[in-house]
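In the UniProt record's numbering, the protein residues as written are 1 to 41.
Calculated from the structure, these hints are not laboratory results. On a predicted model such as this, the values are computed, not experimentally measured, just so you know. One thing to keep in mind: the hints can contain errors.
[To be verified] Quick list of simulated restraints, FRET-style, between CB atoms:
1. 39 - 5: 49 to 55 Å
2. 15 - 36: 29 to 35 Å
3. 1 - 39: 33 to 39 Å
Even glycine gets a Cβ: it sits at the ideal position worked out from N, Cα and C.
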Amino acid sequence: ETEAERATLQADADAVEATAQKDAARRAAREAAEAALPKED
1 ETEAERATLQ ADADAVEATA QKDAARRAAR EAAEAALPKE D
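Please build the complete structure, drawing on both the sequences and the hints.
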């Protein structure tokens with residue numbers, strides 16, 4: 001495993017982590033927006 005390969009794997013892992021964080025933030029924002037809406041029973 002060369003330094004370049006290691007850097008590529010790390011970049012891929014960072015991208016996956018960033019995507020997961022973005023998805024979580026988007027989900028949290030949507031849940032907060034829904035919680036702020038008046039409930040329709």
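Hints and how they fare:
1. 39 - 5: 49 to 55 Å: Given a distance of about 53 Å, which is inside 49 to 55 Å, the answer is holds.
2. 15 - 36: 29 to 35 Å: With Cβ atoms ~32 Å apart, the hint holds.
3. 1 - 39: 33 to 39 Å: violated (54 Å)
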